[in-house]
Structures are given as C-alpha cells and as structure tokens.
Amino acid sequence: MKSHTEYLWFNTHKRREFVNITDTVERMVRSSEIKEGFCLVSAMHITAGVFVNDEENGLKSDIFEMLENLAPYRKDYKHHLTGEDNGDAHLKSLLVHHQVVLPITDGKLDLGPWQQVFYAEFDGQRRKRVIVKIIGE
Amino acid sequence: MKSHTEYLWFNTHKRREFVNITDTVERMVRSSEIKEGFCLVSAMHITAGVFVNDEENGLKSDIFEMLENLAPYRKDYKHHLTGEDNGDAHLKSLLVHHQVVLPITDGKLDLGPWQQVFYAEFDGQRRKRVIVKIIGE
Amino acid sequence: MKSHTEYLWFNTHKRREFVNITDTVERMVRSSEIKEGFCLVSAMHITAGVFVNDEENGLKSDIFEMLENLAPYRKDYKHHLTGEDNGDAHLKSLLVHHQVVLPITDGKLDLGPWQQVFYAEFDGQRRKRVIVKIIGE
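Chains as they are written, first to last, in my numbering: chain B, 1 to 137; chain V, 1 to 137; chain A, 1 to 137.
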C-alpha cells in the first residue's frame, strides 16, 4: 500500500465562498502515482466543509440560500457567549459535511460527468487548511 | 492491497425513489474476495444520494417529507435559469450526502442489525450510476 | 496493508447526548500501529451519528437546537405506526451523517487544532455500538 498526503491552504477574500478544487486534487492524485485507491479531502477547520456538486453559479447561490435558511447567521447563538460570532458557520459545515472520499481508478479521480469538488468556506478571510490524503496502490 | 470496482446503473420509474442496494453491495464485497477493508458506495450524479438507514416504509416517507421541507421543489431556484428544473434534487442530495463508506470485516459488510444501504434518487427516470469501490486485503 | 477493528459501546444517561470520543479513537489508532491510513468511525445504529466539530458547550446546544428545528420530535411521524417513537432520531442521524473518515499521519489522527470527534446519540438509554476500523500501513 502507498500513501500520499498534501495540505491545501485557503484564505478567501469573502467570508463565505465556494472554491472549486477539482483540478488541484486531480493533480495531487497524479503526483501520488496511486492507480487504485481512495482520496480523502477533509477540511481541518470546523467552520468549513467539502462537498461534491455542480460548477454552476445559480446552483451555488441556491446552496448558500438553503444553508442560510437552515442555519441562519444570528447574533444569539449560545456559542457566541465565548466571544465568537461564527455559530452559523459551524452549523453550515455540519450540514454540508466536512469531507468527501473520492474513488481513484486507473490513476484518475473516478467522478461522474458533472461532479466537481468544492471547498466550502463559511468563516473565511483567514488562513485555513484542507488535508488531501490518498491511499492505494 | 487489493481493489475491486463495479458500477451500478439505475433508471427509476418514479422521479424520486429510495432503492435498497444492501444485497447487491454485499454480493460485490463477496466477489471482491477482500476480507478486511472499506467499501465506498458513491453516487456519480449530483442529484442523487447514498445513505444508510432503516428499511421501513413509514420512515422512508418521513425522510422524503423532511427533505421536501428543507429543500422544497420550487420553480424559482437560480439554477433553473440554465433551463433545468431540478434545483431541489441537488439540494436534497447535499443534505443526505452522496456517499457512504462501509466497513468490511471477515469478508462481509460489518453493519449494525438494522443498517441498510439506500440509493436515493431525486431526479430519476433516466440512467444514472453509482460507483462501488472496495479496497483492502 | 494492515487493518485493525474495534467496537465502542455506549449507553447514555440521557436520551440525547454528544459524547467526545477523540481520545478513545486516538488510543485505538496508537494500538493499531498503523502509521499512514484512514480511520473510519461509523455508528452501527440508525438513530445515532458521528461528527467532527468543536468541544464547546454553547455550540453543542446550538447544534441540538438546529437539529430540533429541522427534524423535530413529533408524535405523528409515519414511522411511529410501527410502535416506535424515535422518528426524529432517524432524521437527525441522517442530517449529521452517521460516520467520518479520519486521516492518520505519522501514527496519529491528523486533525486540525479544534477538531474533535463526537458520537451523537439521538435515542439513547440503551446499549448501542460504533465501529472503529483502521486500514493502512
């Protein structure tokens, strides 16, 4: 079994942003030289997520709207008694989930025709990290 | 390390449907001859999901109802400016998540007594695919 | 490739409870002697979840509140026609997801500074199980 680990750093301009990282992850898979295996893409912060969906601007704004409906930005989260103001970001991260496992077949990400991998930042404008860890052979 | 990859095709009669694929996945695990490892079951389309829960009709209808409340079918999603009408299916897919990783122990799916694996179709009536990829030894 | 499998038992005092299992899982990783790999932590019951987030009491109560808003305790779930009363627990489990995959690097959980692993019980006060399965080398 081989393994390959890299870290991706983000520092988004906006507080909330979806960043398409498909090509970056694909490049890491190629440099791992692993032909068959799994690629874990996992946020290392608890106010960010990783998900797979469509690269389409309308949809991205629909996703933000849904998450804002289900876990709205609010002043009165109990978490804010610590001095933080990012309670909604923790909740949004839980809902989209903080990680995906991507299959690797024949040395490439084995994704469907429209599947793209996104880093979902819900409390940005500071340096945050994602781990990309590949195991296989 | 060994790996084993298969693809499952679906073409559901209804637009929205949950299909129990536990036995099919179990069969694939057996034919992989992998005794200890992980089995990734992952939708390759962005309007479908995969989840683990109970085979009980009342519950399945409760799950649909919850998803319809949280991500309702609507005409006015921004995604629909592209000509699509399946914005809700993308959002429902995000909420249930598009994949699970099933543990394999002693050559079998190591699931709890009531755990069943479902393909969740939210925009069906056309051919769609799920990857089942097993790695281990 | 090596593998290591353990089961964690829970019997929570309260019906709903989040239990921080980070140290327990870390100990299992150490005893596996696997240096590079993946650690799957997956609930074996369909009314419980596993998630990664912050060890902060205010936030934990915010998470419960959000889940209660999105999937409230109710008498009239269709699932209750079977005699059960835990429909909300199934739905909450779906929303937080029932599993995580933790990266292992250099023999340790490769988590971000604030990431903690939680068992999320939504229908407790009875014995329930989580599988921790590690593969790698």
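Hint data in this document are derived by calculation from the structure and do not stem from the laboratory.
Only a predicted model underlies this, so the values are computations on that prediction, with no experimental measurement involved.
Beta carbons: idealized from backbone N, C-alpha and C, even for Gly.
Some hints here could point you the wrong way.
[To be verified] Residues of chain V clear of chain B, computed beta-carbon distances all greater than 10 Å:
1) GLU17
2) GLU55
3) GLY58
[Claimed, not checked] Sample of chain V residues with no beta-carbon within 10 Å of chain B, all distances over it, derived:
4) THR5
5) ARG30
6) SER31
7) GLU36
8) SER42
9) HIS45
10) ALA71
11) LYS78
12) PRO113
13) ARG126
[Unchecked claim] Sample of chain A residues at the chain V side, in silico, Cβ under 8 Å:
14) VAL19
15) SER42
16) MET44
17) HIS45
18) ILE46
19) LEU70
20) LYS78
21) HIS98
22) VAL101
23) ILE135
**OP:** Taking the shortest Cβ-to-Cβ distance between HIS45/V and chain B, state whether it exceeds 10 Å.
**Re:** violated (5 Å)
**OP:** With a cut-off of 8 Å on the beta carbons, see whether VAL19/A makes it to chain V.
**Re:** violated (17 Å)
Original post:
Per the CB criterion, is HIS98/A less than 8 Å away from chain V?
Top reply: holds (6 Å)
Original post:
Looking at GLY58/V again, its CB stays over 10 Å from all of chain B?
Top reply: holds (24 Å)
**OP:** Quick one: work out the minimum CB distance from PRO113/V to chain B and report holds if it exceeds 10 Å, violated otherwise.
**Re:** holds (25 Å)
Original post:
Is GLU55/V truly not at the interface, in the sense that its beta carbon sits beyond 10 Å from all beta carbons of chain B?
Top reply: The claim holds: GLU55/V sits with its nearest Cβ about 24 Å from chain B, beyond 10 Å.
**OP:** Just double-check ARG30/V for me: nearest Cβ-Cβ distance to chain B has to come out over 10 Å.
**Re:** ARG30/V is indeed farther than 10 Å from all Cβ atoms of chain B, at 19 Å.
**OP:** Against chain B, does SER31/V hold up as non-interface, every C-beta pair farther apart than 10 Å?
**Re:** holds (16 Å)
**OP:** Using 8 Å as the Cβ threshold, decide whether MET44/A counts as touching chain V.
**Re:** Holds: closest Cβ of chain V sits about 3 Å from MET44/A, inside 8 Å.
Subject >> No chain B beta carbon within 10 Å of ALA71/V's >> reply: Incorrect as stated: the minimum Cβ-Cβ distance to chain B is 6 Å, not above 10 Å.
Subject >> chain B versus SER42/V - minimum CB to CB distance exceeding 10 Å, so not interface >> reply: violated (6 Å)
Original post:
Does SER42/A meet its interface restraint, that is, does its C-beta lie within less than 8 Å of any C-beta in chain V?
Top reply: holds (6 Å)
Comparing the model with each numbered hint stated earlier shows that hints 4, 8, 9, 10, 11 and 14 do not hold.
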